[in-house]
Structure formats: structure tokens, C-alpha cells
Amino acid sequence: MNIVVCVKQTPDTAATVTVQDGKVSWGDAPLVLNPWDEFAVEQALRTKEAHGGKVTAVSLGAEGAKEALKQALAMGCDEAVLISDPAFASADSLVVSAALAAAIGKLGEVDLAFFGRQAVDSDTGVTGAQVARRLGWPSLSLVAAVRALDPGAKSIEVERMLEEGRQEVRSRLPAVISVTKELNEPRYPSFMGIRKASKAVIPVWSAADLGMAAVPAPALTWPEVISPPKVDTQCEVIQGDTIEAIADKLVTRLLEEKVL
Amino acid sequence: MAANILVYIDHFQGQAGQSSWEAVGAARSLAQALGGEVTALVAAADGSALAAQAIQHGADRALVSDDPALAEYRAEPYASTVAKMARHAGGSALLFPTTGRTRELAGMVAVDLETGVTPDAIALEVKDGSVLATRPIYAGKLLTKEACLGRLHVLTLRARAFPKPEPSAGKSGPIENVPADVGAPAPEVLGYKATGGGVSLTDAGVIVSGGRGVSNNPKLTPPAEITDEKQKEVWRAQQGFVLVRDLASALGAAVGASRAAVDAGYIPYAHQVGQTGKVVSPDLYIACGISGAIQHLAGMRTSKTIVAVNKDPEAPIFRVARFGIVGDLFEVLPALTKAFKAKLGK
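Residue numbers (this note's numbering), protein chains in the order written: chain A, 1 to 260; chain B, 261 to 606.
Pulled out of the complex, with its shape left as it was, chain B reads as follows:
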């Protein structure tokens, strides 16, 4: 019983992201080391498809709570329901993928179960029969190892820190229904506003990011009706970000930005990578016109391969980059976009 691992399947209106399957894979590895089984927990309006997918990705069985009150994500009914399922199943750890929903959800479930929560773990091991998690603190300047002895350890796992298992289409397993607990008063969801769309930064395999340097093209002349100097700068930057987006779209990549670019109003905050933005670790990170302040590095230095494009050969970004191009991004980016399109056959 205590060797069993629980894994929560995070989803948006019934669609799970790849980080949920990464969590199932991590649960599988822990269960193997402990000699236990993996139980997936699904809370949704109709969770049967998610439960079947979880089993195909490596869970032995699934608990499902179906309830119309779970159609839209709201922390309160989700937390009560997940805590109820966790009590029902029992186990030594409950894993969540780290997303915008799950930090609060995991924290609230931990309160309900009076136990410890480790957010955003990047590595897991089994030590003396229990889970030991590694997670970054001080924006990744240090790592801490956390254990939660004698209680169910609640954890969220950083996206892309654990391999995504290949689903096996024919695999099936028992699915048990557990009535949801949706009694607690909760906010009412009025709707959603799209935020630009595109590829999600935290799930992206490739990210192209722009910094302060994208506004730095003296050859561009803003339209005459823009008279304010600040507005001229923003206009220039937006032309620069067109080049960043072109390269990103050639690579199927997400678009990121440094804090300097966000604070200057070049691009919305949702794109910010760094200590006060999103923490990412793609296979390839292309930093364009980003000097590499310590706060930016904190958000992207675990990327597998970093490419820096910068005019200044002394920019700190080159110290973490595997490949560098010293040059004007307004010339380099279009050339790169063309070269990628040619070589990748797109």
C-alpha cells in the first residue's frame, strides 16, 4: 500500500498536456523502485478518456471522479475531490505536473491531508524506502533535497524534467469511480480570454526569445504619426519581434522574452522567461538580443542547448551558450530563418 504512487492528471476541459504523461512516467519509475503500483487520479466532467490515456501511458489503474461541477477548473472542488481520492487509494507519494493550476491545487490538497508539498521537483529518487525529491530554490542558484517521512508526499514535477513515456495503445486496466466532493463554495468561471495563443512556453521543445536588442535597429523609420520617442522605440521593437516570430514559426517554437523587453512594453508578460517569469528547459533556446542578466539565466539555463545572437561579444549570455553568433540580429535572424527552412525542408 505505502509503496503505491498516485499521479494526478492535469487537464484543461478534458485535454491533458504532455506534462501529465511525464508525471505518469515518473510515477512508474518510483513505483518500480518501491515495488508498488501506479494509480492515476482523474477529476473532470467526464474523466473516462483521460483515465484510459493514463493507463496507456503507464498507470496500473485509475480512479475517476466525474461531476458536472468539475467541467471548469476551480481549485476548491478539485482539491476536495483529489484529497478524497488520495485518501481512498493511499500511497507514499502523489505527483502532479507543474502547471498554472497545480501549484495551488497541490498546496490545498496538502493542507487537506496535513502533509508536506514539494513544488516543481526536477529529480526524484528512492532513499531508505521513501521518495527524495530535488528542487531548485533561489531561482535555481541552489538545489534542495526534500523528503516527507511517514506521510503521503505531495509533489509537482517541472515540465520537461522527466521523459514522456510512449503510450501503448492496447494497454488497459481497472477504472474505479469515486464520487466527487464538490460541496465547498467556489468561484464561478465566467469565461476565458485567449492570450495570443501559440506554443506553450513551458512545454516547448524549442524557444526563440527576444530581449532589449530587438528595438535596436536604427535603419527602421517609424511612421510619421508616431511622435513620442518611447512609442517609436516600442514600434521598432515590435518590428524586431516579427523577426523573432518568423524564426520561431520556422522551428515550430514558442516565443519568449527577457524581462527588459517585457518591462519596456515590447511584448506581454506571458512571454517572459526568467526568475520573475517562466522557468523553461527546452531542447534548444535561441536568445536574440538578450544580454543574459542573472535573473534571465535563472529561467533558461537548464535548456539543453543554448544559442546566443548578440552584437556584444562580451555579453554574459555567451558564457552559458553552446553556440554563439556575434552580429546584428536584424541581419542574422532572417538568414537563420531561411537556413532552417531550407535544411529542415519546410
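Just chain A, same shape as in the assembly:
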């Protein structure tokens, strides 16, 4: 199977993120492979291990995003491609989805494209579905289990997480799958994998390489990024002689403050 996994480089989730002169800053916190994307990489690798073929990791970002691709290679992806062009600097999801769809188109007859459910920086969670729409492929989002996959019949059965329960669906291939963390446990890169990844030469595709002679202007503008208003919470520690007295007092205080 020809499998693609789209990944993003993001700051670590433990980073302290602030606004400096109207710009987002994460100080010297490390940049990592978006944690959600680790599940997508893992599922792409398991699919290849079960059915054969190759896995190509694709990312859109600055030159530094090659580090996230190297992480994907170290986990076991066969190839990686970086999409990078100054024209994408202020891209919104509409532009990003166009670029990723073009890149997937350039990778030949792709059967499956995996995405993490969202990136931990921009938190949009729409890119996979938008890429699917541009490719005209079914979008299988929030997938929590793959029940059956038949590359010959070009058919896949998955379970998707909805609030009301798991929706079980059957789809044709090619398809786009965005995964939740229930799907698998991502592997750690092996020593050999890390060595291989460190030597990998990752090709860079520009907008022109993707056939995007004119990159569309983003539809969205971001007039302002702000820190959330500081909420000054004074914790009132409830005390009493017995557990029962403490419980009673808490309930009374919640009723007094009209919380309930």
C-alpha cells in the first residue's frame, strides 16, 4: 500500500507560551512532533506492517520542521517530504489543505492518508477533513479503531468517536483518516531508526513544485493574539472537625455562592 502520514512540528505541550510584542513565544521550549501525530505515524506503520508497501511522512513548515520528519523516520517511516515556501508563511487551514492535497497527489496512487486529530499549537482539528474534501476522498475523522482493511477490495471498516457512541462505518479507499489516541500506543524510535533518520536527506517541495503557481491569500486574518485574562483564584480550604462536617460545609458554601 502507498501510505502517507501528514505531521506538524509544534512546541512541547509543557511549554510556557506567551505573547511577546504581539507574537507567540514559547521561549526555549523544545519543538517536537505534534503528540497527536505520533498516533497517526504509528497507525501508518502498523498498516504497512500488516499489508506491505511504504509510508511517506509529509509536513508543511519552515526548514526546522525537518526535525519532526526525522522523528517520523526514526519511528520507521520510509520517506519524508517537507513542503516549505515563504508563500506559505501566513497560511490558514484553507491554504494548508490545498498544499497538502497537492503533495499527496504528487506522491502517486496513495491508498490512505493519516492525520492526527489536531495540532497542539493551532488546535484547529480541521486539516485532515479539508484535505479529504480537496482530494474528493471520504473523511474518516476521530477514528478509535480499525476493524478491517482489505487493500485488494479497496475497503476499510473503522469506528469513529462521536458523543453518542462509536459510529461504525465502511468506506472505500483511498480515504483520509484522522486518529484519536485510543487507536494505538506509539512506539519509541529504535536506535537503528534514529541513526537512519539522522542521515536522511529530506527533499523540500516549494509551492511551484506542487503546481501552485499562485498561492491563494488566506481567508482568515488574525488581528490580535492575547494572553487570557488572569483569573485570581483564592482557594478557600474547607476545614472542620470531622469529614462529615467538612462535606456539609462545602455543600453549604456551594449553595451560598449559587454554584448549584
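Hints in this document: simulated from the structure, not taken from any laboratory. Small disclaimer: the values here were computed from a predicted structure and weren't measured. Every clue listed holds true.
Label pairs and their in silico Cβ distance ranges:
(1) A/89 - B/434: 44 to 52 Å
(2) B/602 - A/241: 14 to 22 Å
(3) A/239 - B/564: 17 to 25 Å
(4) A/170 - B/579: 42 to 50 Å
(5) A/253 - B/509: 16 to 24 Å
(6) A/240 - B/543: 19 to 27 Å
(7) B/602 - A/50: 55 to 63 Å
(8) A/216 - B/451: 35 to 43 Å
(9) B/428 - A/21: 47 to 55 Å
(10) A/187 - B/436: 50 to 58 Å
(11) A/50 - B/444: 27 to 35 Å
(12) B/293 - A/242: 47 to 55 Å
(13) A/20 - B/543: 28 to 36 Å
Note that beta-carbon positions come from the ideal geometry of N, C-alpha and C, so glycine has one too.
Keeping the supplied structure of chain A fixed, place chain B upon it in accordance with the hints.
Below, chain B alone, put in the same frame as chain A:
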């Protein structure tokens, strides 16, 4: 025309959740500020009841696409149909409630309309005649304001971030039928598997959550047939979660969990609150045996009132809590359940 606001009524097999009515209320406020009208968009097997409900909750009129192919939610026919209705109605913004369905749906509609999408907005305002949305990024560590000038702005609205309007039973308005567009190939729905049921986390007014601490009861002795240490821990945690569930059921609350509890196998992922789980903002959040890692806080710190129960007085959770009880949750939770039952008359 451009002052009009469109609002999509999200539903599961014909039943809309309260977040759809919150979106109608938000649409009403925007339309008022812009001097326009609110049009509800309904795609369903039979959308007439949903359309009438949308009008009762504040929409001026509704467009309905009825089609048997829309009986089960599938992104492809829904997106084509909603995009068609949006083109037909026109407007400056199209609001969706944020649910498991609508992030992908809104994204796909935005592609069809070649426009921008703002997911999970928590505040809306009108600036210079167009919509300006505020949404959290970096798991709520920052907020960004987004605008989509000169095009229809597609947005999804976080549940419980906007007030739910009271329906007025007698209100009616025009309902127009628009033929659905269900031509695109789409997956086939085979069925549904229930996931424990209970109160939906994102819609819940009260949430009781358990963390790593729920396994920490040395007084409990696992049955002799459990020999594996890890299994013993999970067994202990499950007894702890019985207390969490008891308190939740006394309050009509949903049950949440920290990532640590989910990763340790105490409770399924569907219950996880936090940066890599669900983002919630109930009126009351009771955190039991949760230390308060930054990733957990990201998912619940916008709760109106937070109560923390923890043995460790230094736990970071107390820094965001309005009320705290320093103590053993295995003693505190049963006492709380009893006290709530007594005072709430249940």
C-alpha cells in the same frame, strides 16, 4: 443580505443537543448587532421538527434539506448539502456548535465555499461591520482573534460558552425546502457501539473527575485471583471510581478523568479531560485525586467553579480551585455524596 447569520442545527438521528440552541442564541446576538436576520440550516432525513425548534429558539426562518441519505450522519452528503444551503441563503457568518461531527463538517463546508473556518470559538463580537471571533490556541494558554473579511465566515462554537436561549413555544416562521445534494460517494454506516452512556462531558453542567489518586487506597484488598501488581492497581482504581460515580450520580453529573488515570487503564479515554482529551467548562468541576498537571488544567480551567479534593496540600490543582478539601478522597467522597443528597433533597 450580508448582515444575515446562518446557523447549522447539529443533531444525532433527528435529536439536537443543547449546543445547537446555544449557537442559535449566538446567531441571534450577531444578527441583532449587524441588523440582519437568522436563518437556521437543517439537513436530516426529516428536518421539519428541528426547523420548528430552531425558530422557537430564535431563528427567523429555516432552510430544510430532507433526504433519506441524511438519516445517518456522514460528512460528505452533509457538507455538500450545507454548502448548497449556505450559497442559497447567503450571509456574513455560518455558525456550528462544536461537536464530534462539526469540526470536520465545518472544515469541509469551508473548502466547498473557499472560505475561512474558525473552530471552537468562545466569544463573538461585531467589529467594523463583520464578525470577530475569539478562540483558544495552545490549549487555552493564549487566545487569538480571527476575522474573515469579505467572505462567509465559518465558525464552530464551544459548548457552554454561549447562553442557551429559552424557547418561545408559540413562535413560528417560514420554512423553505432546499433539495439535498447527496451525490458524493460517502462511507456506509454499519451501526453504533454505545460507550458507557451517562451524561455527555461537553454538555454537562457538573463534572466529577478522578485522577491517579483514585487507586491509592491501601485499605482495599484485591481478590486473591488477581496476582499481577498492575492488575491490583487497576482493581483498586476501579473501586475508587465507584465513589466518583456515586458522587456524580448524586449531582446528575458527568464523569471525567485525568490523562494519568486513562493512561493507567483505570477508565476509558472517552472520559479524559485535558489538552489531549475533552475541553470542558461546566458550572462546577470537582477534581478528585488529580494533581493538576498543566495539560489537565488546559481542559477544565474555564469551569465556573472548581473544587479540589486531594491529599497533598501543595498540589497545583489548588491554585485554580475556588474550594479545596485536603484529605483522603476515600473518606471525603462518600461524605460529600451523603451531604449533597441530604441538602439537594435527593
